[in-house]
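Trainee: Got chain A; can you put chain B on it based on the hints?
Chains A and B, in that order, are what the protein sequence lines are.
When the letters of the first sequence are read in order and numbered with the working numbering, they come out as residues 14 to 393.
When the letters of the second sequence are read in order and numbered with the working numbering, they come out as residues 497 to 878.
One or more of the hints may lead you astray.
[Stated by the list, open to error] Partial list, derived from the structure: chain A residues whose beta carbon lies under 8 Å from chain B:
#, residue
1, 154
2, 156
3, 164
4, 210
5, 212
6, 290
7, 367
[What the hints assert, rightly or not] Derived DSSO-like pairs (lysine-lysine); straight-line CA-CA distance at most 27 Å:
#, chain 1, residue 1, chain 2, residue 2
8, B, 765, A, 210
9, B, 525, B, 760
10, B, 532, A, 46
11, A, 46, B, 760
12, B, 613, A, 280
13, B, 613, A, 339
14, A, 389, B, 766
15, B, 694, A, 343
16, B, 525, A, 210
17, B, 525, B, 540
18, A, 380, A, 324
19, B, 870, A, 380
20, B, 540, B, 510
21, B, 866, B, 727
22, A, 343, B, 866
23, A, 46, A, 35
24, B, 688, B, 602
25, A, 27, A, 120
26, A, 232, A, 202
27, B, 694, B, 525
28, A, 225, B, 866
29, A, 324, A, 17
30, B, 866, A, 389
31, B, 613, B, 602
32, B, 870, A, 339
33, A, 202, A, 225
By construction, these hints were calculated from the structure, which means they are not laboratory data.
Where a beta carbon is used, it is the ideal one built from N, C-alpha and C, also for glycine.
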Amino acid sequence: MGVKLNSEQVDIMKAAREFAEKEFSEVMQEFDKDEVFDLGLLRKACELGFVGVSIDEAYEGIGYSYFEHCLITEEFAAVDPGIGLATLYPAVVAECIRIFGDGSQKKNLLPKIIAGEIVLALAITEPDSGFDIYSVSTTAALENDTWVINGDKAFVLGGDYADYICLLALTDPGNPSPENRHSFILVPKETQGVSWKRLEGKLGMRAATAAKLSFSNVKVSLSHCVGAPGNGISQARALQCRINTMVAAMGVGIARAALYEGANYSKRRHAFEMPICTFQGIQSKLIEMATLIRAARGLYYEAALSFNDSKIDYGFTAMAKRFSGKTALKCADEALQIHGGYGYFDEYRVQRLYRDAKVVDLWEGSKELERQDILKTILN
Amino acid sequence: MDFDLTEEQRIIQKAAYDFAVREFLPLSKSHDREEKYPEGVWLKACEAGIGGVIIPKEYGGPGLGFMELALVSEQLCRVDLGLALAVQAGIFGSENIIFFGSENQKEHYLQRLASGKAMSAGAYTEPDAGSDVAGIRTSAVREGDEYIINGSKIFITHGLSCDWMVVLCVTNPSEQRRHMRQSMILVESNSKGVEVNKLTGKMGVRASETTEVSFSDVRVPCDHLVGEEGKGFYQLMHFFDATRTMVASQGIGLAQAALDQTIKYVHEKKIQGKPMAHHQEIQFQLAEMATKIQLSRTLTYKAAWQVDQGRTDPALNAMAKYFAGEMAVWVCGKALEIHAEFGPEALYDTHEVQKYYRDAKIIEIYEGTKEVEKITIARRLL
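Just chain A, same shape as in the assembly:
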């Protein structure tokens, strides 16, 4: 039982593809080389309605679903994964506000995010806790009606240019249950005590720049809590499975781009007096790539559609992400190999896809928690 896209979804994908090809192609090699992003691109994407499509009309959104967000993600990633991530990650952070925010937060923030007027960043990972959300130790102590925040966050996507930081903080360390010790708090980045530094030297997805952030006695009012206090862990997990699904979509986009590059090159390149696509060794690679992509797409479509029901299988979204990551890796690797020595140079897209695929496979999310989620799905 495959997923058949309706005509509106087909149009969305076509529009996304055209936008990405028009806006990303000229700058993608440079952005990757210099590890930079242009906020103007994000604003353009917002103006055309690509960012935050799952936000409802009440907040000036288009009111599609997370599935359409993933379709756009795949199309952007198929042109340049790094730029795609930088332009669409704000939509995922917006989900945090959309799902868990109170009415006033939604009203104040969502329309501005969609319009590209403000950018939000999600700050969960810390230098010493890695992906382990339970060890998050940035504290937020309640003093009268004010949160006082102290701690460090690392690898915050868009943290260098975000206007607001949505951070996971330890708010109730004494709570007997580790599930109830954390909360999400929204901090305007220009609040006194917030400092940040851009991180450099990432392997791939380099246009999706990241920063480390320090919070030193940062004070925000009680109302800046996003969702109920103490609900941070379950909110982070819910966000994580949306991120996983988006990453699964990116993986398929990367794999598709890799197949495209590999197939085209193999038709152009001659060796032993014939195009190399004539050789079974090359054909086998292309066949395997195409097969894996079909399978990965099936998984991510199913995962992305599951957000339309209220029953989301965390284990399943983790499976989709894992499989898609491995697919992207395999396809990027084979595509680079088809290019031979040329594929090792960044002038060729496959070199960038190779690095981007590895980051997509490994970024965002605790393998340990994924493992536990999948096991719960299997063993229960």
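Mentor: Then chain B, alone, in the frame of chain A:
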């Protein structure tokens, strides 16, 4: 069957590692970031006795074999593959002089290499001919007692730094058999008509100098022919057959470094309160990594040992090279994966393992892609 290394082998193995730690570590990060070639390292390596390892003693070289070369190669690449290539590829191309050169050529060129005061390059690959070596088009036309060379080469290591290059050219274009049209001709770098440009934007081995070279009516005396006219292709195949074991060792060294870093990391970090080293999934992956490295090493040692016995087995060498390349990519990928089980910090170039991952891929490609190696193996099986 004695699997142990000799005392002499252990000494040179240690010398190579110590050299790399001393000379490469301070340069590693900057030369990777800036894609910078390490000036002076080749000379230092020759002075330390680990430069042109296979240059015979009568020409001032260490006079060692491919087994010792494999040992040196592995140790240098344990520290930094890109920088190691500045040493490993120092005599590139001139192996052909050792194998096929005239006595005059050996005396004239090999001494200079052995001293570290000169460096050479091998110019075989062209923009339109990589794996299909016989498809090259650079021509060398005989005119009186000179060859006139026209054409272009690409992905030539040390094109800028070398003093001469051994160039594969078409000298017998009307020869029916495709593989008998080529010859190897030595061209001094400062010859008129030679133009070299550095290529940048490599994913890894960025400290290694990679270039494109063009020859525009370059004139060289006929005595610059290395070996026999029309035998260039076969000479080159022999060269690749032998040096494959060195390349395999590069993969082994790189993979070993990735494994060592990962073991260190999993001892340091905890996930959900439990040291990473105690996680069974991680233990199993480390076990697989170590097993594959050992397999690769045993296969490569055997292949190199056979070369030194005068019984070069091209298929065995092809197995060693293709397996080592695939193994290195897999091990380095796993190393990065295990690091990322903790968090994303290892995806940044502050962590060596990130560079190892970028470096590893080239081993599946240069000196014979793994696909070409499989062709070599299959041919001999069938």
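Trainee: A separate judgement is required for each hint: does it hold in the structure or not?
Mentor: To see whether the hints hold, each was checked on the structure:
Annotation: interface hint on residue 154 of chain A violated; nearest CB of chain B at approximately 24 Å, more than 8 Å. Of the supplied interface hints, the one on residue 156 of chain A is violated, with its beta-carbon coming no nearer than about 30 Å to a beta-carbon of chain B, more than 8 Å. Annotation: interface hint on residue 164 of chain A violated; nearest CB of chain B at approximately 15 Å, more than 8 Å. Restraint check, residue 210 of chain A versus chain B: the minimum CB separation of about 13 Å is more than 8 Å; hint violated.
With a cut of 8 Å, the hint placing residue 212 of chain A at the interface with chain B holds, because the nearest CB-to-CB distance is about 7 Å. At about 13 Å, the closest approach between the beta carbon of residue 290 of chain A and any beta carbon in chain B exceeds 8 Å, and the interface hint on this residue is violated. Because the closest C-beta pair between residue 367 of chain A and chain B is about 7 Å apart, less than 8 Å, the hint holds. Between residue 765 of chain B and residue 210 of chain A the alpha-carbon distance is near 24 Å, which keeps this suggested pair within the 27 Å criterion.
Under the criterion of a C-alpha separation no larger than 27 Å, the hint pairing residue 525 of chain B with residue 760 of chain B is consistent with the structure, at around 19 Å. With a C-alpha separation of about 16 Å, the suggested pairing of residue 532 of chain B with residue 46 of chain A holds against the 27 Å cut-off. As the CA atoms of residue 46 of chain A and residue 760 of chain B are separated by approximately 31 Å, the hinted pair breaks the 27 Å bound. Under the criterion of a C-alpha separation no larger than 27 Å, the hint pairing residue 613 of chain B with residue 280 of chain A is inconsistent with the structure, at around 45 Å.
Using a Cα cut-off of 27 Å, the hinted pair residue 613 of chain B and residue 339 of chain A is violated, with the two alpha carbons roughly 48 Å apart. A threshold of 27 Å between alpha carbons decides the hint, and for residue 389 of chain A with residue 766 of chain B the separation of about 23 Å falls inside it, so the pair holds. Simply put, residue 694 of chain B and residue 343 of chain A have alpha-carbon atoms about 30 Å apart, too far for the 27 Å limit, and the pair is violated. As the CA atoms of residue 525 of chain B and residue 210 of chain A are separated by approximately 20 Å, the hinted pair is consistent with the 27 Å bound.
Among the hinted pairs, residue 525 of chain B with residue 540 of chain B is consistent with the structure: their alpha-carbon atoms are about 20 Å apart, no more than 27 Å. For the suggested pair residue 380 of chain A and residue 324 of chain A, the alpha carbons sit about 22 Å apart, so the restraint of at most 27 Å is met. Pair hint residue 870 of chain B plus residue 380 of chain A does not hold up; C-alpha atoms about 36 Å apart against a cutoff of 27 Å. A hinted pair counts as satisfied when its Cα atoms are at most 27 Å apart, and residue 540 of chain B with residue 510 of chain B qualifies at roughly 16 Å.
Taking the CA atoms of residue 866 of chain B and residue 727 of chain B, the gap is near 25 Å; set against the 27 Å cutoff, the hint holds. Of the supplied pair hints, the one linking residue 343 of chain A and residue 866 of chain B holds, its CA atoms being roughly 16 Å apart against a limit of 27 Å. Of the supplied pair hints, the one linking residue 46 of chain A and residue 35 of chain A holds, its CA atoms being roughly 20 Å apart against a limit of 27 Å. As the CA atoms of residue 688 of chain B and residue 602 of chain B are separated by approximately 24 Å, the hinted pair is consistent with the 27 Å bound.
Of the supplied pair hints, the one linking residue 27 of chain A and residue 120 of chain A is violated, its CA atoms being roughly 30 Å apart against a limit of 27 Å. Distance hint between residue 232 of chain A and residue 202 of chain A is fulfilled; the C-alpha atoms sit about 11 Å from each other, no more than 27 Å. For the proposed pair residue 694 of chain B and residue 525 of chain B, the alpha carbon gap of about 20 Å is at most 27 Å, so the pair holds. For a cut-off of 27 Å, the pair hint linking residue 225 of chain A to residue 866 of chain B is broken: about 41 Å separates their Cα positions.
With a C-alpha separation of about 21 Å, the suggested pairing of residue 324 of chain A with residue 17 of chain A holds against the 27 Å cut-off. For the suggested pair residue 866 of chain B and residue 389 of chain A, the alpha carbons sit about 41 Å apart, so the restraint of at most 27 Å is broken. At roughly 16 Å between alpha-carbon atoms, residue 613 of chain B and residue 602 of chain B fall within 27 Å of each other, so this suggested pair holds. As the CA atoms of residue 870 of chain B and residue 339 of chain A are separated by approximately 24 Å, the hinted pair is consistent with the 27 Å bound.
Proximity of residue 202 of chain A to residue 225 of chain A is assessed by CA-CA distance (about 12 Å); at most 27 Å being required, the pair is judged to hold.
Consistency note: the structure conflicts with the earlier hints numbered 1, 2, 3, 4, 6, 11, 12, 13, 15, 19, 25, 28 and 30.
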